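Asks: Assemble the complex: chain W is given as a structure, and chain A must be docked to it using the hints.
Going down the list, the protein sequences come from chains W and A. Note that our numbering has the first sequence beginning at 378, numbered continuously upward. Note that our numbering has the second sequence beginning at 82, numbered continuously upward.
The hints are simulated quantities; they were obtained by calculation from the structure and are not laboratory data. Take these hints with a grain of salt, some might be off.
What follows is a list of derived Cβ distance ranges for each label pair [as the list claims (entries may be wrong)]: (1) R424(W) x A212(A): 33 to 39 Å; (2) E209(A) x Q494(W): 49 to 55 Å; (3) P145(A) x E409(W): 20 to 26 Å.
Taking beta-carbon pairs under 10 Å as the criterion, some of the chain A residues facing chain W (in silico) [claimed, not checked]: (4) M90; (5) S93; (6) G99; (7) E101; (8) A110; (9) K126; (10) E131; (11) N177; (12) P190; (13) L198.
Predicted, not measured: the structure shown is a model, and the values here were computed from it. Positions of the beta carbon are idealized from the N, C-alpha and C atoms, including for glycine.
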Amino acid sequence: MMLEDELTVSTRERDGVAIIDLVGDVTTFAEEKINAAYREVTNDGARFVLLNFRQNDYINSAGIAILIGIVTEVNRNNQKLAVSGLSQHFQKIFRMVGLAQYAEIYQDEEEAIGRFQQAAAE
Amino acid sequence: MSTSLIYSMDLSFPSELGYEVIARDAVSAFARRMGLSAERIEDLKTALSEACINAIEHGNSLRPDLRVTVHCHLEPDRLVIEVVDEGTAEFVVRDNLPTISEKVAGLGPLRGMGLMLISQLCDESSFEPCANGNRMRLAFSR
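Isolated chain W (complex conformation):
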């Protein structure tokens, strides 16, 4: 029996940014899907990676651990990482655990894409 709101992960490209859309719960059960999506965009040569959340999702400490693992890989691969679509609460949580040091937090996809484009032009 699956008690969680199962995570749907999909990838797309927009203006040179690889977007990983995450819809659902980011918990220990999400590891394989998130890592697979990250590998896919990296194998396709992504330099800028955006994790795009849906406002009302549930992210627990096991999910945060998965995201720290992604940060490790992003650093190793010289990519830039950002997140968007987090609720105010999870923006606070990301700052609390220190993830905000490694991934810029934007309100929405539009803002993140704009900042990535500025970074690419510099």
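Replies: Quick look at chain A alone, frame taken from chain W:
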């Protein structure tokens, strides 16, 4: 009858990941009725989920035959929640958990943020052994 008995609720569930979400939803509905603000309820949801995960994974070692019990009651100025496991494993709260920079550098396990989140999100939290397990106590001011 005291207020804490009138305004109280108990839940019991097997040690299976996912039940913490059901406990979180039930207790957050209770907290809303008891007058906690929307922001504090979000804090409660994360802290309670982490306390339940701790009980499921560490206290009860993911054994579905062992139960996790959540008791919550209202005190005059705060909501108190107790998460109790059946404590097959002695749980040791470590003082020197790795920082995120150590984790990112591969110098520590990626997991292990739950207790830090609990301590930062609650107005008061404690962890102690009890008769047949461990009890984590969380308090949220109203």
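Asks: Determine for every hint whether it applies to the structure shown.
Replies: Outcome of the hint check:
no. : hint                          : verdict
1   : R424(W) x A212(A): 33 to 39 Å : 57 Å, violated
2   : E209(A) x Q494(W): 49 to 55 Å : 53 Å, holds
3   : P145(A) x E409(W): 20 to 26 Å : 22 Å, holds
4   : M90                           : 20 Å, violated
5   : S93                           : 15 Å, violated
6   : G99                           : 3 Å, holds
7   : E101                          : 8 Å, holds
8   : A110                          : 15 Å, violated
9   : K126                          : 8 Å, holds
10  : E131                          : 6 Å, holds
11  : N177                          : 16 Å, violated
12  : P190                          : 8 Å, holds
13  : L198                          : 6 Å, holds
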